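Q: Work the whole structure out from these sequences, hints included.
Sequence order for the protein chains is A, B and C.
Under our numbering, residues 3 to 283 are what the first sequence spells out, in order.
Under our numbering, residues 3 to 283 are what the second sequence spells out, in order.
Under our numbering, residues 3 to 283 are what the third sequence spells out, in order.
I should point out that these hints are in silico values taken from the structure, not numbers from a laboratory.
Quick caveat: nothing in here was measured; it's all calculated off a predicted structure.
There are no misleading hints in this set.
As the list makes no split between identical chains, a pair holds if one copy fits it or if it spans any two.
Cross-link-like lysine-lysine pairs, in silico, DSS-like; alpha carbons within 30 Å at most: (1) K167 with K239; (2) K254 with K239; (3) K4 with K81; (4) K221 with K254; (5) K81 with K254; (6) K230 with K254; (7) K64 with K4; (8) K210 with K81; (9) K239 with K206; (10) K230 with K210; (11) K16 with K254; (12) K239 with K210.
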Amino acid sequence: MKKMLVFQTDFTYKEGAVAAMYGVVKSVDSDIEIITATHEIPQYDTWSASYRLYQYIDFWPKGTIFVSVVDPGVGTSRKACVAETENGYYIVTPDNGSLTHVDRYFGIKTVREIDETVNRLHREDNGAVSIFHGRDLFGYCAARLAAGIIDYEHVGPEYDVSEIKRHPIMEPSVTEEGIEGMFEINDPNFGNLWTNIPLTAFLKAGFKMGDMIHTVIYKGADIVFDRKIPYFDSFGKAPDHSVMIYNNEINKMGLAEVIGNLCEDYSLGYGEEYRVVFRHE
Amino acid sequence: MKKMLVFQTDFTYKEGAVAAMYGVVKSVDSDIEIITATHEIPQYDTWSASYRLYQYIDFWPKGTIFVSVVDPGVGTSRKACVAETENGYYIVTPDNGSLTHVDRYFGIKTVREIDETVNRLHREDNGAVSIFHGRDLFGYCAARLAAGIIDYEHVGPEYDVSEIKRHPIMEPSVTEEGIEGMFEINDPNFGNLWTNIPLTAFLKAGFKMGDMIHTVIYKGADIVFDRKIPYFDSFGKAPDHSVMIYNNEINKMGLAEVIGNLCEDYSLGYGEEYRVVFRHE
Amino acid sequence: MKKMLVFQTDFTYKEGAVAAMYGVVKSVDSDIEIITATHEIPQYDTWSASYRLYQYIDFWPKGTIFVSVVDPGVGTSRKACVAETENGYYIVTPDNGSLTHVDRYFGIKTVREIDETVNRLHREDNGAVSIFHGRDLFGYCAARLAAGIIDYEHVGPEYDVSEIKRHPIMEPSVTEEGIEGMFEINDPNFGNLWTNIPLTAFLKAGFKMGDMIHTVIYKGADIVFDRKIPYFDSFGKAPDHSVMIYNNEINKMGLAEVIGNLCEDYSLGYGEEYRVVFRHE
Chain A
3 MKKMLVFQTD FTYKEGAVAA MYGVVKSVDS DIEIITATHE IPQYDTWSAS YRLYQYIDFW
63 PKGTIFVSVV DPGVGTSRKA CVAETENGYY IVTPDNGSLT HVDRYFGIKT VREIDETVNR
123 LHREDNGAVS IFHGRDLFGY CAARLAAGII DYEHVGPEYD VSEIKRHPIM EPSVTEEGIE
183 GMFEINDPNF GNLWTNIPLT AFLKAGFKMG DMIHTVIYKG ADIVFDRKIP YFDSFGKAPD
243 HSVMIYNNEI NKMGLAEVIG NLCEDYSLGY GEEYRVVFRH E
Chain B
3 MKKMLVFQTD FTYKEGAVAA MYGVVKSVDS DIEIITATHE IPQYDTWSAS YRLYQYIDFW
63 PKGTIFVSVV DPGVGTSRKA CVAETENGYY IVTPDNGSLT HVDRYFGIKT VREIDETVNR
123 LHREDNGAVS IFHGRDLFGY CAARLAAGII DYEHVGPEYD VSEIKRHPIM EPSVTEEGIE
183 GMFEINDPNF GNLWTNIPLT AFLKAGFKMG DMIHTVIYKG ADIVFDRKIP YFDSFGKAPD
243 HSVMIYNNEI NKMGLAEVIG NLCEDYSLGY GEEYRVVFRH E
Chain C
3 MKKMLVFQTD FTYKEGAVAA MYGVVKSVDS DIEIITATHE IPQYDTWSAS YRLYQYIDFW
63 PKGTIFVSVV DPGVGTSRKA CVAETENGYY IVTPDNGSLT HVDRYFGIKT VREIDETVNR
123 LHREDNGAVS IFHGRDLFGY CAARLAAGII DYEHVGPEYD VSEIKRHPIM EPSVTEEGIE
183 GMFEINDPNF GNLWTNIPLT AFLKAGFKMG DMIHTVIYKG ADIVFDRKIP YFDSFGKAPD
243 HSVMIYNNEI NKMGLAEVIG NLCEDYSLGY GEEYRVVFRH E
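A: In structure tokens, the structure reads:
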């Protein structure tokens with residue numbers, strides 16, 4: 003396969019960090035093709051980093067190497083690692099929760115801690131040690147791997163996959179009353195919220211297109227939304243500014259405010275503190 | 003020529019849609035070079051999608067394949083198509099008005115509806131049909147075309163170019179009083195407005211550099227701007243915050259507020275409802 | 003080395019300018035790989051353009067050609083040039099201050115004015131001369147250089163490096179009281195400010211990790227900040243919203259407001275009018 007690296011970070015393009023990191027990659031091997039997944043992960047949001055990897059990873063060719071740098075713990079004891087996934091990819095990332103969803107939905111087969119004595123860029127003019135790990139550690143190590151200078155075994159010592167840091171995920175569950183799960187992520191362009199409840203489970207629980215479904219949203223112990231809303235296959239079927247349930251692009255249930263922003267207008271978010279329940283009555 | 007695809011969408015980089023779409027392209031053929039024209043077309047704005055294609059398309063090598071996904075009608079009966087242009091390019095796009103300007107200024111030679119039975123990605127794990135056409139239909143079909151897996155004839159059945167959906171464009175016209183046209187687009191960074199009146203027609207109508215020109219702007223039937231303003235070749239020649247006429251980068255007449263934002267400060271926009279008249283007196 | 007060009011501009015992706023410029027490059031030679039450093043340099047800010055080049059340039063392979071288009075003076079008499087740097091790179095740019103930092107920190111070896119009769123794109127359908135130099139002049143000339151159609155000697159006539167336009171930089175200096183310098187740039191994502199005082203000089207002046215350091219900031223003749231603040235190696239060591247000194251990713255001293263935005267909350271900026279003094283007492 004072509005030598006290539008796919009990057010996601012929270013750096014933005016507002017300063018020179020992306021360009022410096024990409025330069026290091028090209029200095030290792032100018033044949034490596036650099037592909038930008040995004041540099042707009044919300045700042046320090048390792049949950050989003052984790053979710054986005056899961057959203058797109060398995061659309062890529064087997065063997066693709068991903069570099070994810072959302073790293074609030076740079077300079078702390080969090081490990082810098084390369085994970086090998088069960089479905090055949092490599093992810094170069096701080097081990098800080100960024101592997102949560104890929105581990106949960108596809109599985110991590112093995113993981114290795116990057117050996118900084120070998121796979122970190124040390125420049126002569128650096129009197130002191132820089133802490134820009136995206137450039138000097140993750141980008142550099144990934145480039146060596148993509149270039150074939152090292153293979154996976156030479157990233158550094160393997161450690162047990164059970165040690166990988168994971169964010170808690172509340173699994174969806176069917177109850178007598180209906181089905182419940184969590185908000186895994188939002189669609190930042192429209193303010194829609196995506197649950198972790200698969201369409202198949204939702205249908206199996208007995209819900210049908212066109213149903214009015216009693217929907218309760220908890221934030222911690224508080225009920226922050228409690229209303230009957232329809233399940234439709236098209237936003238055009240519900241009135242403007244009404245809230246509806248739909249099947250999203252990865253076949254899980256989503257909630258949307260038609261021609262509106264559900265997150266903003268109802269002060270809702272995603273992550274472990276949100277629980278959503280669809281009830282039969 | 004090198005295998006390559008040029009993408010424009012309204013997806014933004016705020017979530018994983020671009021990365022999933024690009025992954026599908028690389029899975030079809032990892033040798034395809036992916037070039038980002040922009041992912042910041044205003045949401046659902048097929049007029050802007052159409053204009054931007056027209057603005058840059060003929061600076062690319064003949065044979066280049068463009069993918070434009072601004073698709074408010076996803077899930078409706080709008081066709082998914084590949085258009086062959088008179089000037090030698092291919093555009094993979096929903097047929098929803100996104101071809102308006104290229105058709106008007108360069109011409110569409112032929113158009114084919116994408117055969118979804120062949121040129122759409124169907125994944126095993128998709129119990130239900132996903133509606134992310136950017137990834138599964140436009141990106142996938144374009145990649146097959148760029149890779150040479152299919153040629154243009156195998157995109158799907160040809161249909162008549164007269165059936166292509168077009169937004170109405172008011173042609174510029176010379177009158178006894180002067181010349182009139184419409185605002186085709188804005189410059190979002192500065193708030194300037196670009197008319198569809200060519201410099202050549204403007205000069206032929208008798209206007210000259212330095213003239214004070216009676217300029218009237220209609221929004222529907224209402225006059226929303228009525229003033230004598232100068233035609234200059236440099237923003238430095240007019241006082242700050244004054245409005246002036248200039249020749250833009252594609253040699254059509256533009257209006258600008260010097261060190262200001264014309265669109266915002268005068269509540270002006272672009273599209274079919276705006277008409278601009280330059281009068282001799 | 004692979005044919006490639008690295009671009010930075012203030013165009014944004016909000017309109018079609020980037021795509022038109024990249025199309026010209028590919029029309030010259032479709033084998034040229036195009037890499038986006040950033041298109042989000044603050045509008046017209048040649049100081050930032052200069053700083054960003056300096057921040058990332060020497061992480062790239064020797065021989066890399068950079069194109070920087072931040073060009074408030076387009077249409078004026080500012081020169082369009084290609085500079086050859088002492089450390090082995092080429093920069094295609096308007097000569098408007100964008101070479102300041104690379105010249106200061108790495109050195110410019112030679113510079114040539116682009117010969118527009120040869121190295122500017124003239125299209126048949128251009129009745130009038132377009133003023134989009136990013137596309138027709140800088141992008142086009144850089145592509146010819148990257149493709150090997152011309153070599154550096156054929157860019158145009160050489161002129162003396164002393165004629166290059168430079169922004170004034172106040173050099174850091176050690177005094178009896180401590181050390182002083184300027185704010186060179188900010189970190190736009192967090193509002194931190196970066197001085198031009200190297201860590202080595204700072205340490206040599208006698209400051210140590212953990213010290214409370216009397217810090218005075220001048221804007222012109224006015225004192226706009228005057229306070230004792232700590233020098234730490236981690237943001238976690240200072241209370242939220244407190245201001246601290248740290249060593250940044252290029253080993254110069256920076257100032258940050260912990261979990262806050264120093265630029266905004268203290269109305270501070272960067273550039274020649276700001277002076278910062280670290281005093282022993």
